[in-house]
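Engineer: What follows is the residue order along each chain.
2 protein chains.
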Amino acid sequence: MLSNHLQNGIETARLVWSRLPGSEEGETAEIELPSQSRGGAGAESLDYEVIENYAYREEQAQRGKLWVSYYVVLKWLFSLLIGIGTGLAAVFINLAVENFSGWKYAATFSIIQHSYFVGFLVYVLFNLGLVFSSVYIVTKFAPAAAGSGIPEIKGYLNGVDTPGILLFRTLIGKIFGSIGSVGGGLALGKEGPLVHTGACIASLLGQGGSKRYHLSSKWVRVFESDRDRRDLVTCGCAAGVAAAFRAPVGGVLFALEEVTSWWRSQLMWRVFFTSAVVAVVVRSAMNWCKSGKCGHFGSGGFIIWDISGGQEDYSFQELLPMAIIGVIGGLLGALFNQLTLFITSWRRKYLHKKGNRIKILEVCIISLVTSVISFGLPLLRRCSACPDSEMSPGIECPRPPGTDGNFVNFYCAKDREYNDLATIFFNTQDDAIRNLFSAKTFHEYSAQSLVIFLVMFYSLAVVTFGTAVPAGQFVPGIMIGSTYGRLVGILVVKFYRKLNVEEGTYALLGAASFLGGSMRMTVSLCVIMVEITNNLKLLPLIMLVLLISKAVGDFFNKGLYEEQAQLRGIPLLESRPKFYMRNMTAKEASKNQKVVSFPRVVKVGNIASVLRSNKHNGYPVVDQGQNGETLVIGLILRSHLLVLLQSKMDFQNSPFPCDMRGINRHNFSDFVKPVSSKGMSIEEIHLTADELELYLDLAPFLNPSPYIVPEDMSLAKVYNLFRQLGLRHIFVVPRPSRVIGLITRKDLLLEESDHSATTELQSTSVRSQHPLLDSLLIQE
Amino acid sequence: MLSNHLQNGIETARLVWSRLPGSEEGETAEIELPSQSRGGAGAESLDYEVIENYAYREEQAQRGKLWVSYYVVLKWLFSLLIGIGTGLAAVFINLAVENFSGWKYAATFSIIQHSYFVGFLVYVLFNLGLVFSSVYIVTKFAPAAAGSGIPEIKGYLNGVDTPGILLFRTLIGKIFGSIGSVGGGLALGKEGPLVHTGACIASLLGQGGSKRYHLSSKWVRVFESDRDRRDLVTCGCAAGVAAAFRAPVGGVLFALEEVTSWWRSQLMWRVFFTSAVVAVVVRSAMNWCKSGKCGHFGSGGFIIWDISGGQEDYSFQELLPMAIIGVIGGLLGALFNQLTLFITSWRRKYLHKKGNRIKILEVCIISLVTSVISFGLPLLRRCSACPDSEMSPGIECPRPPGTDGNFVNFYCAKDREYNDLATIFFNTQDDAIRNLFSAKTFHEYSAQSLVIFLVMFYSLAVVTFGTAVPAGQFVPGIMIGSTYGRLVGILVVKFYRKLNVEEGTYALLGAASFLGGSMRMTVSLCVIMVEITNNLKLLPLIMLVLLISKAVGDFFNKGLYEEQAQLRGIPLLESRPKFYMRNMTAKEASKNQKVVSFPRVVKVGNIASVLRSNKHNGYPVVDQGQNGETLVIGLILRSHLLVLLQSKMDFQNSPFPCDMRGINRHNFSDFVKPVSSKGMSIEEIHLTADELELYLDLAPFLNPSPYIVPEDMSLAKVYNLFRQLGLRHIFVVPRPSRVIGLITRKDLLLEESDHSATTELQSTSVRSQHPLLDSLLIQE
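Line order of the protein sequences matches chains F and A. If you number the first sequence the way our numbering does, the last residue is 780 and the count never jumps. If you number the second sequence the way our numbering does, the last residue is 780 and the count never jumps.
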């Protein structure tokens with residue numbers, strides 16, 4: 001039915017297209033980017049290609065078995081390296097944070113033996129210095145490193161590439177920024193940034209190092225397809241979570257549930273491998289540090305709250321207070337999302353438009369306020385007497401100055417006293433959480449102290465969120481949650497008077513409920529909580545509070561990351577089509593667009609003017625069939641047209657189809673767009689008047705079979721197609737006039753025994769039908 | 001472009017189709033079924049509908065908000081009920097098995113104090129009686145309950161419904177059959193059957209009880225769509241694993257990795273909830289039994305091997321023996337798959353064709369052989385002296401007769417001796433595994449005993465696999481693996497002479513390696529092993545051996561379940577397209593089919609003759625457009641045609657399109673096919689000669705927009721479309737002549753603020769365009 005020439009053209013196009021790296025589809029999603037994360041460089045156009053890419057495999061097959069083995073080995077090697085890299089980064093961050101904090105508290109404690117005022121000054125300045133270094137690095141050097149980075153990574157894996165998020169300098173900014181901001185005692189955590197760090201490491205490995213800093217190595221640059229890169233970034237995310245919480249299974253589930261919008265079961269094992277490598281690296285490093293070689297690190301750092309000494313059992317009466325914790329978590333979490341959304345959007349609209357100075361000033365002020373509150377409030381608090389050492393053996397109260405632990409003696413008159421507010425406030429957050437979770441410490445905290453802390457810390461966390469420093473929300477969330485959890489626990493202990501009820505258990509449930517109410521994660525959060533507390537027996541309770549807090553939170557607004565992604569203009573495709581889509585057809589959805597198509601052979605001048613006149617990123621290409629009717633022969637991408645226009649190699653004088661030699665002129669890596677870059681623009685390409693009069697045959701460069709849907713298919717169906725296959729363009733076409741064939745399960749399932757024969761047959765027939773193709777294959 | 005009449009027809013079709021329950025697509029995959037699992041009833045045609053089903057939701061929307069709430073509440077209620085049901089079933093099976101085994105061993109031990117021969121007879125007869133009851137139930141009453149059921153469930157969730165697997169009597173057969181076969185001491189486990197049990201419970205709940213046994217209740221039958229049912233079955237699978245291993249997270253991952261071929265993140269939370277409910281139920285039951293109300297149950301039953309007292313650390317030298325365990329696991333696992341495949345196919349071809357008597361006889365002989373070996377071999381084995389009680393405190397050696405534990409005194413001359421072979425062989429499998437995993441029991445087993453046990457048990461497991469009793473492969477796999485693992489452990493202890501090396505750890509790794517080498521599961525298996533041993537620290541080691549054993553196994557053959565599914569003729573679509581598909585086009589793939597299409601209004605006689613003359617399950621429907629050109633207006637399913645032919649309500653005299661009143665004549669549940677039934681056949685429908693001359697307008701009943709692909713799309717792309725969206729039919733159509741529109745990410749992402757307005761607008765415009773549709777909506 002198709003003319004022979006056209007048929008050949010399309011065949012060659014398939015061949016060539018399949019070798020264009022990572023470009024099965026490729027829409028440029030233009031998003032208005034936060035000036036903060038781009039350093040005010042103006043809107044950039046993004047390019048992000050699809051999952052559905054056999055191009056690379058096709059190329060592999062052509063390069064032979066050896067290449068495939070190399071590719072597979074490299075894939076696993078990279079997973080290993082991502083694991084090692086992320087693990088080491090996590091160890092480094094923790095080491096630095098713990099040491100800075102250790103020095104800070106040791107110095108402060110030793111000075112306040114003499115003068116509280118000097119101690120206060122030292123404390124404030126130490127914090128300010130660390131925070132300033134963090135905000136300075138981020139604003140001057142790596143603007144994309146601000147915030148947690150999870151919404152951006154989520155966007156990347158969903159199909160939207162925010163410029164700058166996966167660069168080498170973002171990685172550096174993230175690592176050192178985290179150290180400063182966490183070490184400086186701000187109300188934020190290092191977990192979100194670690195996820196981003198893992199993703200950066202993965203992406204940099206995938207592109208063979210940073211090109212800008214000449215750290216790139218050609219021989220490892222085999223991951224040219226976007227699918228491969230995306231797989232690596234997924235591994236990196238899981239590695240980040242695994243490193244942050246020492247929760248390998250939680251990491252896998254986080255990557256699965258929270259960040260990726262698609263999933264292949266083959267990937268799962270690789271992601272799991274990466275997570276396990278992280279676990280091994282972190283464990284080895286911690287063992288190494290146990291001998292005291294790492295300064296203050298030996299005593300803490302990683303989030304692992306062993307409450308295995310705590311409550312193992314629960315009675316049915318306890319379910320009510322636990323449900324109440326769930327409700328509180330949902331309410332406070334939703335409120336947190338709403339407040340941060342409000343403040344962030346205000347910041348973006350007014351404050352951060354005024355430049356980097358304001359950003360730095362803002363963070364410094366917040367640091368000052370935080371220091372004043374965390375030092376000052378405990379001063380105002382009366383000390384409590386230490387618990388009777390005979391009643392509760394094994395408790396050291398007060399703890400010796402300069403060490404970590406419970407029962408801080410801070411501004412107490414007597415020796416055998418401790419300051420409960422200072423125990424949680426004037427401490428690193430990890431230690432504070434460990435203290436809140438601790439079992440066998442009844443009545444350590446007074447309800448009053450917990451309420452004060454809850455209110456102050458909640459406010460600080462809301463204000464700190466969205467500033468220009470790397471900031472995770474896990475640890476603040478756990479702090480807030482465990483505070484009100486412990487409050488409820490105190491009431492339960494008072495009310496039920498049962499011996500096996502532990503306040504620490506309620507603190508844990510509170511933490512789960514707040515995270516559930518704010519981030520709305522479910523399975524992964526549950527597993528992370530179980531893994532960090534190393535107690536499987538609390539799983540049903542954690543699930544219960546998560547179920548409730550998520551349901552309550554969902555009643556008010558969306559999850560924290562979704563809200564933030566939306567605010568940043570990162571368009572995430574949700575897993576479900578919206579309800580109204582069921583009543584719309586594909587045609588109606590695409591009605592407001594004018595389709596601009598190219599003929600197969602087109603004047604260079606026309607291409608240039610079309611590219612200038614609109615912002616579409618994909619154009620249908622049409623040609624005449626044998627009987628003179630028009631036929632859609634494929635899709636050409638703007639980015640590929642730009643490459644062709646710039647190289648000028650394929651321009652021809654004749655307005656007739658060329659003889660297909662064009663495809664060998666190109667190095668196919670020309671068509672690869674580097675990660676996190678802006679790509680080319682038509683304005684950058686200069687064409688002479690003569691060149692504008694030449695022609696270009698598009699057939700070798702187009703995608704010969706983009707997905708099509710009939711015009712009256714419901715938009716919900718189209719949505720599913722789009723999302724499940726990770727597409728960028730779908731052609732809406734008229735109803736077909738006839739059905740050539742029907743493909744059913746049977747056609748896709750040839751018997752194992754027929755395989756080799758069929759394969760042989762098919763590939764032979766394909767080749768013999770197309771002598772041109774054959775010659776091309778031989779030519780190579 | 002379309003004529004108005006046709007347009008209306010299609011619109012109405014969309015409306016009606018969307019209300020046909022669970023029938024977005026629906027191919028009948030005909031598979032040649034094992035006579036064993038069907039009780040020799042001849043090949044049945046299966047019907048299985050797709051995931052991609054908005055029909056139900058559409059219907060919900062029409063029924064209003066209250067209905068939606070009811071639906072959501074019911075969904076969660078069902079998840080709860082599935083969890084409770086599966087948990088109780090698991091408790092019941094365990095209770096029965098443990099009590100039967102307890103009585104058996106107690107009786108045998110008390111008798112052998114006097115006479116070993118009488119004890120032997122009692123032991124053999126007890127086993128034979130239990131096994132006979134199991135095989136009798138299965139062969140006479142529930143043939144589909146034989147085997148593990150996991151391949152069939154996998155097939156069901158992949159899109160192929162094996163008749164009988166989800167019936168009420170299969171459930172009953174599975175539960176009681178498991179009790180008999182496991183209690184009777186065969187070399188098989190109860191875990192696979194528990195997964196099947198969970199799936200049955202879920203499916204029965206989903207269809208509102210068993211219709212055949214009049215246990216069906218109308219008001220819970222809201223899950224008419226196949227997607228809802230499939231979701232429930234997924235929950236059931238996870239619940240089964242959670243119950244079998246007390247591993248809720250493992251259950252979720254098992255369902256995710258192993259059984260489902262597609263996944264929605266919304267489902268995950270529900271699956272997890274179900275698993276957690278199971279965990280709570282099982283835990284409560286066990287607590288209740290601790291007080292001794294459950295006979296022998298209190299002492300064991302559930303698989304939970306607490307090796308927390310064991311090795312916590314490992315040195316790098318140990319990685320080599322661990323890797324060796326991985327290799328052994330891969331080799332033995334692949335061999336196991338190959339042997340069982342061979343024996344099963346021989347059985348199906350020759351043995352099981354001869355009827356149920358042979359099946360019963362076969363199982364009874366195997367039971368006799370198993371009893372003789374497990375009793376006889378320990379008799380031939382010399383006893384060893386008990387370890388010095390001062391060196392290893394806390395060990396009771398020999399254990400008192402009739403209790404569970406290590407160090408069985410069996411046919412020993414002296415009091416302070418134990419029989420190491422009897423400790424693992426003459427014992428329930430759960431106890432044997434606990435003994436093999438046990439820490440602090442160096443040199444309990446001689447290498448010789450372990451080798452004897454390994455060889456004998458491996459052979460028994462291979463022979464037992466595929467007989468007509470419910471049979472899981474997890475526990476035998478763990479037995480085999482932990483035996484050679486412990487063997488390697490003995491060598492390591494001897495060789496490295498380090499104090500902190502535990503033989504039990506190696507046994508655990510051996511178990512993981514054999515399961516990995518045979519079933520090729522990865523993440524879920526890893527998590528299950530971690531959860532049953534309650535020791536997160538061994539995770540990286542378990543991963544290492546799994547990685548190796550899976551890779552080694554994959555070198556030889558496919559996983560156990562895939563091999564078995566293939567043998568049973570269950571066509572599973574793998575997650576990746578085959579390589580040769582890249583070189584094939586959609587047209588080539590559908591070439592051997594002749595497409596039979598219907599006009600919109602068709603003579604009843606023609607329908608009947610077409611349905612008789614071929615076995616297709618979907619037919620394109622074509623009609624004339626405004627300009628007289630033909631247009632494909634949709635897809636009609638064989639099953640729907642059969643319903644229409646049988647009801648005869650829509651037959652009309654005129655050969656012209658009807659006025660669409662037809663759609664209200666039908667109760668839409670007419671079109672639902674019950675789970676695991678064979679559905680209608682054209683031979684069962686009797687039409688008079690007059691009726692054959694009447695006409696039928698197909699427009700209201702067709703799927704107006706099936707997915708289409710252009711003829712020259714590569715088959716690999718088509719495969720992905722097919723599998724990702726869970727389709728049954730794809731139309732292969734000619735290249736389109738023009739592109740009406742292009743759908744990109746932007747078209748699918750309307751701003752939040754625009755939503756309500758757009759929704760209103762769109763739905764209004766749809767309605768106003770189609771007055772007929774409006775009247776229909778009002779009419780209802």
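Derived from the structure by calculation, the hints contain no laboratory data. Given the structure is predicted, the values throughout are model-derived calculations rather than measurements. Heads up, a few of these hints could be off.
Remember, identical chains collapse to one label, so a pair may be satisfied in a single copy or spanning two.
[Said to hold, decoys possible] Here are the simulated PhoX-like pairs of lysine-lysine, each with C-alpha atoms no more than 20 Å apart in a straight line: (1) Lys558 / Lys353; (2) Lys140 / Lys353; (3) Lys494 / Lys440; (4) Lys591 / Lys578; (5) Lys140 / Lys354; (6) Lys594 / Lys354; (7) Lys591 / Lys615; (8) Lys578 / Lys558; (9) Lys615 / Lys578; (10) Lys615 / Lys746; (11) Lys591 / Lys746; (12) Lys578 / Lys746; (13) Lys75 / Lys293.
Engineer: Hints first: check each against the structure and report whether it holds.
Structural biologist: The hints, checked one at a time:
Within a single copy, Lys558 and Lys353 get their C-alpha atoms no closer than 26 Å, and across copies no closer than 59 Å, so neither meets the 20 Å cut-off. Only within a single protomer do Lys140 and Lys353 lie at most 20 Å apart by alpha-carbon distance; the minimum there is 15 Å, versus 79 Å between protomers. In the homo-oligomer, the alpha carbons of Lys494 and Lys440 lie at most 20 Å apart inside one protomer (15 Å), although the nearest pairing across protomers, at 43 Å, exceeds that limit. For a Cα distance limit of 20 Å, the shortest separation of Lys591 from Lys578 inside one copy, 18 Å, qualifies, whereas the shortest one across copies, 38 Å, does not.
Within a single copy, Lys140 and Lys354 get their C-alpha atoms as close as 15 Å, which meets the 20 Å cut-off; across copies the closest is 82 Å, which misses it. Taking the shortest alpha-carbon separations for Lys594 and Lys354, neither the intra-copy value of 39 Å nor the inter-copy value of 69 Å comes in at or below 20 Å. In this assembly of identical chains, the alpha carbons of Lys591 and Lys615 lie at most 20 Å apart only when taken from the same copy (16 Å versus 40 Å across copies). Taking the shortest alpha-carbon separations for Lys578 and Lys558, only the intra-copy value of 15 Å comes in at or below 20 Å, while the best inter-copy value is 40 Å.
For a Cα distance limit of 20 Å, the shortest separation of Lys615 from Lys578 qualifies neither inside one copy, at 26 Å, nor across copies, at 38 Å. For a Cα distance limit of 20 Å, the shortest separation of Lys615 from Lys746 across copies, 12 Å, qualifies, whereas the shortest one inside one copy, 43 Å, does not. In this homomeric assembly, Lys591 and Lys746 come within 20 Å of each other (Cα to Cα) only across copies, at 13 Å, whereas the closest approach inside a single copy is 37 Å. For the identical chains of this complex, Lys578 and Lys746 are inter-copy neighbours only, at 14 Å across copies versus 33 Å inside a copy, given an alpha-carbon limit of 20 Å.
In the homo-oligomer, the alpha carbons of Lys75 and Lys293 never lie at most 20 Å apart, since the shortest distance is 34 Å inside one protomer and 55 Å across protomers.
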